[in-house]
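**Q** Listed here are the chains, written in short residue letters.
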Amino acid sequence: MATTSSVRGFAAIAYNEVLLNSKRVAPYVLMIVCSAAALMGWVRGPAAALGWATNSDFYISRGLKAFSFLLGPPLFSAVIMGDPVIRDFRLHIDPLIFSKPINRAQYLFGKFFGNFFVLVCCMAAFPLTQMLLQAFHPSRMVVQQVKVLPYFKHFFFFVVITHLILAAIYFTVGTVTRNSKIVYGLAVSFYPIYVSLMLL
Amino acid sequence: MLTIKDLTKTYPSGVQALKGVSLDIEPGMFGLLGPNGAGKTTLMKILATLLEPDSGAAEMNGINLISQKAETRKMLGYLPQDFGLYPTLTAAQMLDYFAKLKGVLDKKERHALVGALLERVNLSAERNRRLGGFSGGMRQRVGIAQALIGNPELLIVDEPTAGLDPEERTRLHNLLAESIGQNTVILLSTHIVSDVSTLCSSFAVIRGGEILAATSPETALARLEGRIWEATLPREQVADLKATGKIISKQMAGGRTRVRMLSENGRPAEPFVSATPTLEDHYFIVVNQV
Numbered sequence: 001m002a003t004t005s006s007v008r009g010f011a012a013i014a015y016n017e018v019l020l021n022s023k024r025v026a027p028y029v030l031m032i033v034c035s036a037a038a039l040m041g042w043v044r045g046p047a048a049a050l051g052w053a054t055n056s057d058f059y060i061s062r063g064l065k066a067f068s069f070l071l072g073p074p075l076f077s078a079v080i081m082g083d084p085v086i087r088d089f090r091l092h093i094d095p096l097i098f099s100k101p102i103n104r105a106q107y108l109f110g111k112f113f114g115n116f117f118v119l120v121c122c123m124a125a126f127p128l129t130q131m132l133l134q135a136f137h138p139s140r141m142v143v144q145q146v147k148v149l150p151y152f153k154h155f156f157f158f159v160v161i162t163h164l165i166l167a168a169i170y171f172t173v174g175t176v177t178r179n180s181k182i183v184y185g186l187a188v189s190f191y192p193i194y195v196s197l198m199l200l
Numbered sequence: 201m202l203t204i205k206d207l208t209k210t211y212p213s214g215v216q217a218l219k220g221v222s223l224d225i226e227p228g229m230f231g232l233l234g235p236n237g238a239g240k241t242t243l244m245k246i247l248a249t250l251l252e253p254d255s256g257a258a259e260m261n262g263i264n265l266i267s268q269k270a271e272t273r274k275m276l277g278y279l280p281q282d283f284g285l286y287p288t289l290t291a292a293q294m295l296d297y298f299a300k301l302k303g304v305l306d307k308k309e310r311h312a313l314v315g316a317l318l319e320r321v322n323l324s325a326e327r328n329r330r331l332g333g334f335s336g337g338m339r340q341r342v343g344i345a346q347a348l349i350g351n352p353e354l355l356i357v358d359e360p361t362a363g364l365d366p367e368e369r370t371r372l373h374n375l376l377a378e379s380i381g382q383n384t385v386i387l388l389s390t391h392i393v394s395d396v397s398t399l400c401s402s403f404a405v406i407r408g409g410e411i412l413a414a415t416s417p418e419t420a421l422a423r424l425e426g427r428i429w430e431a432t433l434p435r436e437q438v439a440d441l442k443a444t445g446k447i448i449s450k451q452m453a454g455g456r457t458r459v460r461m462l463s464e465n466g467r468p469a470e471p472f473v474s475a476t477p478t479l480e481d482h483y484f485i486v487v488n489q490v
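Protein chains in written order, with this note's numbering: chain A, 1 to 200; chain B, 201 to 490.
Hint data in this document are derived by calculation from the structure and do not stem from the laboratory.
Owing to the predicted nature of the structure, the values given are computational and were not obtained by experimental measurement.
Any given hint could turn out to be false.
Far from chain A, by Cβ distances over 12 Å, these chain B residues were calculated [unchecked claim]:
#1 R273
#2 T290
#3 H311
Label pairs and their in silico Cβ distance ranges [to be verified]:
#4 B:K308 / A:V7: 12 to 22 Å
#5 A:W52 / B:R339: 38 to 48 Å
#6 B:A475 / A:S5: 53 to 63 Å
#7 A:L164 / B:E367: 43 to 53 Å
#8 A:S5 / B:N236: 30 to 40 Å
#9 B:N488 / A:I182: 27 to 37 Å
#10 A:V29 / B:R320: 52 to 62 Å
#11 A:V29 / B:Q382: 19 to 29 Å
#12 B:R435 / A:I182: 53 to 63 Å
#13 B:S394 / A:S189: 54 to 64 Å
No residue lacks a Cβ here, since even glycine has one placed at the ideal position from N, Cα and C.
One chain only, chain B, in its complex shape (with noise of 0.2 Å):
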């Protein structure tokens, strides 16, 4: 189990990044979701041991995460949002430096251990191709590729979806489900809510640098059960609504605006319909405070 304590961090710029951070994790995959400079980068390098944190403590397995790092950095797996590769080298060749640096000693372990990265994120027919020639996809699977060098038990993967078409984000999806061990922690931050619906079994909201409410999708879904209704209204109706303070979201379609709005007492007014609660309204809700 993963435990987070009261993390706060200030930037010299003045920006407060994190408020109180506390969270309690279970083994599985824990999803953190929160629009832009919410704080989740902020807090995945303090937990990947890249960044100090002002106060605060965060502990898995009896392990400091904070002023153990060495410790902690063997039990760790991190793909950060933005990272490079060395362009010259090949990916066989990319994945055998860090398994080195993981401390993967014996040549054929290595040899065999990157083999098996490779053919897991299906790279291995491009196992001798430079890394400056693969795609995005391909170099995130690489990235995901050098994360599960060692078995983590905490493997920390932040945004991985950020900017891949479909296919690949299904295949991303695949390998980090496939990766979930039955005491592997596996935090994935994402603004992207459909990731938390497809992987999470629990997840948390943060904005501002404060978790909003944490819980599991079905009971945030089951909270909001016969509360959602969805009209499709032209736009000048829209803002006779804004009034009422409960819109979950608006989204333009061919020169109307869907509406979704949060109601506890019945339907709000015609032509209002009830809709099926989805993870996105939690997220509106909670970020919205609607």
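With the rest of the complex left out, here is chain A (with noise of 0.2 Å):
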């Protein structure tokens, strides 16, 4: 019973954040970058320029790992992550949610990965607009035929799982410091340091 009224308090917490960011400009920006990006890689990527096939497994696992950090996603899951704790304290909303009988474990919970999931919804858009110019290219590209479960199975491993960690680190501090700033400031200071890792 108590378990079932903990998910129950996780789960109405998530799913306020998913309407809240539904009525945010910003993620239906992040969509559109999104697919934008893919619309790019479609046009100007490698597929067309050296003659690979579009939605062979190599290129769909290559596009998206490009994708997951050279495009700008770390800084999408800053904005999206960074602030829903921050955003309750600034409105003082914190005194009516913690009046009710719900714990701390619940609402960061409950917050986080109603988060994560619009922002997997918006990478989403990714591999999505991939999939669906299968069907529409040029005489002269090389298309294999039509896929979709690699598009999922390289974005769940290349995006899901590797921005799990970046959403928590993003979203942990700004939970923590309570300051949008820190995370942005974290979020730009992301490919300088990436980079250097690299270069190392």
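Taking the hints as your guide, dock the two standalone chains into a single complex.
**A** See below:
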């Protein structure tokens, strides 16, 4: 009974985060950027330039790896994951929430997974666009038989799992410091740190 | 019955907000009256499980409000002094969210509850309007509505009428008065004396973290009967009266000062006349130790 009530509390908070994000501009902008990135990769990427098959397993995984770290999703993670808790405290909604029978764990997990779900949905615009583009291609572009599963598989491994860690870092920093500038500062410094580590 | 015993709280800054507060509160509406910084909000936050006291106890219906937080929150409705709402959500969505948090899991039941609450606070017509466009009074009514979810046995309202126009204040008074159940304790914190005289069956005056007096409005007024005197005087005459130390209040009116005095031994001087005691007199006498 207690477990059911814990799950319901968590689910209520997670659902509310999805609802709140559905009324923000940022998630829609992120979806458009992700779709645009997929479109760019299709029009100007190596598939067109080097004659690789656009929907080969190798090309899909290569594209999603590049998308995961090179095309901005680390910044998108910060935008979505950095301020859900900060927002509640800034708007003074916290006393209304914490005077209800929910505990901190339900609250934090609900906030985290609600926003992570939104982030994943936004980033899923990239593989979904690529998947749709299999149907439209110029005559010179090499395309294998239509595929669905590799898009989901590589998206899950190269984007969802890696960004779960990054999202957890941004969420924790935002929750602990309650300062979105620190979260965005961290997001901006991601690329210099990432490049430095690659060069070492 | 709500029993509060020897509650103390000192903030890390060194401010001692509560210095051993004890109160026995019967079902009904209880007013907590005090100036700004008296410790009212600290006491409310402790009772609402949002702040830990340094020592002391609080109990209601066999539930320890300090240690049994989950149980306390199930029977609690809380309207804080400063609160916000998600500006992009509608009134119905916001209340639906709070109802879920309060444990109302059935969708139909929740829908009916939200509708009834909006009806009760006279916001049915605004149910699908975004909260960002609500006035201060409307937001306060949404705040009351969320506090009433689940018919709480303990309803804590902290300065609910601050900043409201007279019409909204009356509306809020009526809402609170309608919320008194047979076993409900409503704790109303305010610095507006008329809120207490209008609504409360008993009240306490708090200042500097200490309870200075706890009584009913009728008893407080009865004690002052025949002891309050009033006169309108030029400013220089008021200065002479200060030495007596019995001035309750002074109010400027048309270049002269309306003075109310406490006198145990009949009329203090010309041109004072006997005045009907008010709860404000009691408040000033207690707070300023006249």
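**Q** Look at each hint and say if it fits the structure.
**A** Structure-based check of all given hints:
{"no.": "1", "hint": "R273", "verdict": "4 Å, violated"}
{"no.": "2", "hint": "T290", "verdict": "10 Å, violated"}
{"no.": "3", "hint": "H311", "verdict": "15 Å, holds"}
{"no.": "4", "hint": "B:K308 / A:V7: 12 to 22 Å", "verdict": "20 Å, holds"}
{"no.": "5", "hint": "A:W52 / B:R339: 38 to 48 Å", "verdict": "58 Å, violated"}
{"no.": "6", "hint": "B:A475 / A:S5: 53 to 63 Å", "verdict": "57 Å, holds"}
{"no.": "7", "hint": "A:L164 / B:E367: 43 to 53 Å", "verdict": "52 Å, holds"}
{"no.": "8", "hint": "A:S5 / B:N236: 30 to 40 Å", "verdict": "39 Å, holds"}
{"no.": "9", "hint": "B:N488 / A:I182: 27 to 37 Å", "verdict": "47 Å, violated"}
{"no.": "10", "hint": "A:V29 / B:R320: 52 to 62 Å", "verdict": "40 Å, violated"}
{"no.": "11", "hint": "A:V29 / B:Q382: 19 to 29 Å", "verdict": "54 Å, violated"}
{"no.": "12", "hint": "B:R435 / A:I182: 53 to 63 Å", "verdict": "56 Å, holds"}
{"no.": "13", "hint": "B:S394 / A:S189: 54 to 64 Å", "verdict": "56 Å, holds"}
In the structure shown, a violation is registered for the earlier hints numbered 1, 2, 5, 9, 10, 11, in ascending order.
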